[in-house]
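Novice: Take a look at the letters that make up each chain.
4 protein chains.
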Amino acid sequence: MAQAGGGPRHRFRRDSEMSRDTVRVEAFSDAVIAVALTLMAVELLQFNPSGAADTDLVSRLQQEWRAFLAYIITFAIVGQIWLTHHNSWRYVVRVDQMLLVLNLIMLMFVAAIPFTANQLSDHLRGSDVDQQLSAAIYVGAVLGEALFFNLGWWWARSHGLLNPDLDPRLAASVSRRYLVRPLLYLLAFAIVFVNPILSLLAYLLLVAIYLVRGPGDLPPGGYEKSERGEPSGDHGPEN
Amino acid sequence: MAQAGGGPRHRFRRDSEMSRDTVRVEAFSDAVIAVALTLMAVELLQFNPSGAADTDLVSRLQQEWRAFLAYIITFAIVGQIWLTHHNSWRYVVRVDQMLLVLNLIMLMFVAAIPFTANQLSDHLRGSDVDQQLSAAIYVGAVLGEALFFNLGWWWARSHGLLNPDLDPRLAASVSRRYLVRPLLYLLAFAIVFVNPILSLLAYLLLVAIYLVRGPGDLPPGGYEKSERGEPSGDHGPEN
Amino acid sequence: MAQAGGGPRHRFRRDSEMSRDTVRVEAFSDAVIAVALTLMAVELLQFNPSGAADTDLVSRLQQEWRAFLAYIITFAIVGQIWLTHHNSWRYVVRVDQMLLVLNLIMLMFVAAIPFTANQLSDHLRGSDVDQQLSAAIYVGAVLGEALFFNLGWWWARSHGLLNPDLDPRLAASVSRRYLVRPLLYLLAFAIVFVNPILSLLAYLLLVAIYLVRGPGDLPPGGYEKSERGEPSGDHGPEN
Amino acid sequence: MAQAGGGPRHRFRRDSEMSRDTVRVEAFSDAVIAVALTLMAVELLQFNPSGAADTDLVSRLQQEWRAFLAYIITFAIVGQIWLTHHNSWRYVVRVDQMLLVLNLIMLMFVAAIPFTANQLSDHLRGSDVDQQLSAAIYVGAVLGEALFFNLGWWWARSHGLLNPDLDPRLAASVSRRYLVRPLLYLLAFAIVFVNPILSLLAYLLLVAIYLVRGPGDLPPGGYEKSERGEPSGDHGPEN
Numbered sequence: 001m002a003q004a005g006g007g008p009r010h011r012f013r014r015d016s017e018m019s020r021d022t023v024r025v026e027a028f029s030d031a032v033i034a035v036a037l038t039l040m041a042v043e044l045l046q047f048n049p050s051g052a053a054d055t056d057l058v059s060r061l062q063q064e065w066r067a068f069l070a071y072i073i074t075f076a077i078v079g080q081i082w083l084t085h086h087n088s089w090r091y092v093v094r095v096d097q098m099l100l101v102l103n104l105i106m107l108m109f110v111a112a113i114p115f116t117a118n119q120l121s122d123h124l125r126g127s128d129v130d131q132q133l134s135a136a137i138y139v140g141a142v143l144g145e146a147l148f149f150n151l152g153w154w155w156a157r158s159h160g161l162l163n164p165d166l167d168p169r170l171a172a173s174v175s176r177r178y179l180v181r182p183l184l185y186l187l188a189f190a191i192v193f194v195n196p197i198l199s200l201l202a203y204l205l206l207v208a209i210y211l212v213r214g215p216g217d218l219p220p221g222g223y224e225k226s227e228r229g230e231p232s233g234d235h236g237p238e239n
Numbered sequence: 001m002a003q004a005g006g007g008p009r010h011r012f013r014r015d016s017e018m019s020r021d022t023v024r025v026e027a028f029s030d031a032v033i034a035v036a037l038t039l040m041a042v043e044l045l046q047f048n049p050s051g052a053a054d055t056d057l058v059s060r061l062q063q064e065w066r067a068f069l070a071y072i073i074t075f076a077i078v079g080q081i082w083l084t085h086h087n088s089w090r091y092v093v094r095v096d097q098m099l100l101v102l103n104l105i106m107l108m109f110v111a112a113i114p115f116t117a118n119q120l121s122d123h124l125r126g127s128d129v130d131q132q133l134s135a136a137i138y139v140g141a142v143l144g145e146a147l148f149f150n151l152g153w154w155w156a157r158s159h160g161l162l163n164p165d166l167d168p169r170l171a172a173s174v175s176r177r178y179l180v181r182p183l184l185y186l187l188a189f190a191i192v193f194v195n196p197i198l199s200l201l202a203y204l205l206l207v208a209i210y211l212v213r214g215p216g217d218l219p220p221g222g223y224e225k226s227e228r229g230e231p232s233g234d235h236g237p238e239n
Numbered sequence: 001m002a003q004a005g006g007g008p009r010h011r012f013r014r015d016s017e018m019s020r021d022t023v024r025v026e027a028f029s030d031a032v033i034a035v036a037l038t039l040m041a042v043e044l045l046q047f048n049p050s051g052a053a054d055t056d057l058v059s060r061l062q063q064e065w066r067a068f069l070a071y072i073i074t075f076a077i078v079g080q081i082w083l084t085h086h087n088s089w090r091y092v093v094r095v096d097q098m099l100l101v102l103n104l105i106m107l108m109f110v111a112a113i114p115f116t117a118n119q120l121s122d123h124l125r126g127s128d129v130d131q132q133l134s135a136a137i138y139v140g141a142v143l144g145e146a147l148f149f150n151l152g153w154w155w156a157r158s159h160g161l162l163n164p165d166l167d168p169r170l171a172a173s174v175s176r177r178y179l180v181r182p183l184l185y186l187l188a189f190a191i192v193f194v195n196p197i198l199s200l201l202a203y204l205l206l207v208a209i210y211l212v213r214g215p216g217d218l219p220p221g222g223y224e225k226s227e228r229g230e231p232s233g234d235h236g237p238e239n
Numbered sequence: 001m002a003q004a005g006g007g008p009r010h011r012f013r014r015d016s017e018m019s020r021d022t023v024r025v026e027a028f029s030d031a032v033i034a035v036a037l038t039l040m041a042v043e044l045l046q047f048n049p050s051g052a053a054d055t056d057l058v059s060r061l062q063q064e065w066r067a068f069l070a071y072i073i074t075f076a077i078v079g080q081i082w083l084t085h086h087n088s089w090r091y092v093v094r095v096d097q098m099l100l101v102l103n104l105i106m107l108m109f110v111a112a113i114p115f116t117a118n119q120l121s122d123h124l125r126g127s128d129v130d131q132q133l134s135a136a137i138y139v140g141a142v143l144g145e146a147l148f149f150n151l152g153w154w155w156a157r158s159h160g161l162l163n164p165d166l167d168p169r170l171a172a173s174v175s176r177r178y179l180v181r182p183l184l185y186l187l188a189f190a191i192v193f194v195n196p197i198l199s200l201l202a203y204l205l206l207v208a209i210y211l212v213r214g215p216g217d218l219p220p221g222g223y224e225k226s227e228r229g230e231p232s233g234d235h236g237p238e239n
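Chains as they are written, first to last, in UniProt numbering: chain A, 1 to 239; chain B, 1 to 239; chain C, 1 to 239; chain D, 1 to 239.
No lab work stands behind these hints: they were computed from the structure.
There may be inaccurate statements among the hints.
Examples of chain A residues toward chain D, derived with CB under 7 Å [claimed, not checked]:
id, residue
1, H10
2, F12
3, R20
4, F28
5, V32
6, V35
7, A36
8, L39
9, A111
10, A112
11, F115
12, D122
13, R176
14, R177
15, P182
Backbone N, C-alpha and C fix where the C-beta goes; we use that ideal spot for every residue, glycine too.
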C-alpha cells in the first residue's frame, strides 16, 4: 500500500512471498489426465490401416479385440490414478516448488501412458520378446507415475503442506496403502512371462481390489454432522 | 492442531475422513467431454486420404457429406450429454468413492464416442452388415454412457449425496426422464435396419425433443426471487 | 429438510428448480477452445508427408510457409473468439437451457475451425475453384461461430440473464459491436476472389482492428475505486 | 437496478466497465499447456511407421531413443513454463485487454512447441544444416514464449495489474530473473553447432538450474503465520 520506499509495509516481500493453494495445480493435473484418457481412446481404438480395404468390419473387430481390452484396462488404471490424485490432494492445503515439480514429473509419466498402451496392444500378437518388452515399457510408465506420486505425498507430509487437522496416524496409513500399489503392479507385470492377456487381467483385478474402501478414501454418503453442524437426523436415502 | 499424540483432537481421522464437493469431478468430466468433442471434429472431418491427389475439392465434398452429418449428430448427442451432466450435478453436494467410479466409467464410454462415430461414418457406404454393425457399436457407446449416468444419479439419490433441499418428488421425475432417454436411443438405432441415414436423423430428432423443458432442466431467466430476496419487479427484458 | 411428504418445505421443487451460475459453462468453453487451438497447431504445422524422404528441411520450409501463415491467422481468430467470450460472459450472471444450447452450437463451429484452416492451407496452391471453396468453408465456420455467439448474447440480454447492474445502453452498444464483426469477416472473405493470401491478411487486420478498445472491453489497469472503495491515489505504475 | 432511463444508477457503464480477475485466463492457459504436453507425448513417442513391419521392437527402441530424450527435455521446458506461469500469476489481481492478448500470443508459441520438438527429434539424425535449422525453429518457439511472457509481466507491473501488496523491489528482481532465462536458452541453442545432443542436455541443465529457489518462487512449506494469524509453533513435520 506504499511507494517503493516504504518496503517494510508491503506484505509480499523477498522473504515472505505469497503462498498458493492447490486449485490451479489440481485443475492442470485434471486437464493432463483428461487429455491422456481421451487421446488414448483415439489411439487405441483406431483400427490398423493395413488391410483396411479388403476385409469387412466383422473380421476386423475380431482382430482388434485386444485393442478394446487394452483400452478398458488402461482407462481403469488412469481412472484410478485420477481417483487417487483427487482423494489425496483434498488434504493438501498449499503447494511449494518441489511438490509442483514432483507432480509435473508424475504427469510426464501419465502423458506417456497412451503411447505405452498402444505399444502393448500392438505387440500382444508379436514375438515373446516383443510382448515382454512392451509390457515392461507399459509397467514402467505406470511405476514411474506411482513413484513420483508417492514422492509428492511424502514431500507434502514432511514439509507441512497437508491440512494440520489431518491425523498423522491416518496420513501414515494412507502412505502405506499408496506404497503397496506399485508393488502389486510389478506382480501383475510378472505374469506377462506366463501369459500377456492374463497379465492385463491381473491389472484389472488390482484396480478392482483398490476400490475396496481403505484409508484415504472418501467417506460414505449421508448428510454428515461435520458439514451442517446438526445431526443428519431424518435425511435417509430417498429412493 | 495437536501433535501426533493428541489424535482425538484431529478433525480428519480414519473414522471421519474429509469429504469433498463436486467442483473437481465436474471440471474433470468437462475436460474429457471437451477433448472428445474436439478430437471428434478432427477425426470425422478429416478427408479420406485415398484418392486425395486425383480428385478436386468439389467432388470430395460431395463424397464426404456423410462425415459432416455424422459430426453434427454426434456433436448434438455429446452436447446433450454435457448439458444433462451440467444440470444434474448442480443438485449433487458431495461425492463418494462409488459415484466417482460410476462417473469415470461413464467417461470411458464418452471418450469412445469419437471412434464409434468415425466407424459409423466410414461404413455408411459399406455393406448392410457393416452398416448395422457400426451403428450397433455407436449406439452401444451411447447406451453405455446413459446406463452409467443413470446408475450414478441413482446412487447419488439413494446415498444422501444430493442437496437435502431437493424435493424427492422432483428427484423421482428427473430419474424417470433420464431412464426414458436410452430407450429412445434404442428406437433410433433400430431404424438402421430400414435406412442408416434415417437412423441418424432420428437421433437428431431425439436430441431436439429433449430440449423441450422438463424436470431437471434449468429454470427460465428473469431475476428471480430466490436469488435476490426481492420480487423481480421492474427488471424485465431490456432489448 | 423434510421427508417426501412435506414437499412445500423443499426449496428446489418442480416449479422452482435450482438455477446455476456461469462457472462451469465458461470452463467447458475454455476447454473446447484450448483443445481446438492446440490441435490446430498439430494439424497445420504437420508437414505434408509426400516427398518427405527426398527433400531436405530447407526446401520443405519454403513450401510450408502457407501453413505457418494459416496457423498465425487462425490462432488470431480463435484467440479473438476466446477474448470476446471471456469479456462478454463476465456480465452473464446465470444460464438457462437455451443459452447453453446456443453456446454448444457456437462451440461446434469452433471445434470445426482446425479442419477448415487445414483445408484452406492445403488448397492455397490449388485451382481457383478449390481456393475459393476452401476459403468459403473457412469463413463459414467463423461466421457460424459469430452467428450463434450473437444469438447467445441477444438471448441473455432479452431474458434477464445479464447482471442487473449493467447499463442497458452499454449492452446495446456491445451488441452493435458484436454484430459488425461477422460483416467484416464476409468482406475479408470476398477478397479471396482477388487473391487468397491477401484475404488471409485481411482477417489478420480485422483482428488487429478489434483490439482498439470499444464497448464491452475490459477497463484499463490501475487500482480503481470500484474495487477497493477508496481513491486509487498513490498507486501509480511501479516500474 | 433501474430501468434504461436511470442510467447513472447502473454500476457498469460505458465509462466504468466491470473488471475481471485472473481465474479464467489461468484456467484457459492451463488447458492449452496441458493439451500441448499430452499431444507432444503422442506425437514424439509415435514410432516412425517406415520399416515398422520388418524390424522388431528392440531394434526400433534403439533407433527411437532420441525421441525419448526430446520428450523428456521438452516436457521439462514446458513444465517449467507452466511453473513460471503458475507462480507469476499469483501476484496478478486483475487483467486488461493487452495482458490477455500478450498471454494469447505466448500460448501460440506454447502450442507450437510439440511440432518443433517433433521436427527436432526427426532431424537429429539428418544433415548438419537440418539439425541446426530444426534446433533454431525449436529455440525460436521457446524464445517467442519467453519474450511474450516477459512482455506480459512487464505490462502487468507497469499498468497496476499486480497485487498492491507486492514489494516493488521483489517485482523488479523477479523481472530480472525472468529476463535472464531466454538468454540462457540462446546459449543452449548455440551448442547445437558443436553437438545437437549436447545442446538438448544443456536445456535440461538450464531447467534444473531454475529449480534453485529465487525471487518469485513459492515460499517453503510449514504452517506460516501469514495464513493462520498465529505462530507456526508446534506444527512441525509429521513423518
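Novice: Against the earlier hints, flag every one the structure doesn't satisfy and list their numbers going up.
Specialist: 12, 13, 14, 15
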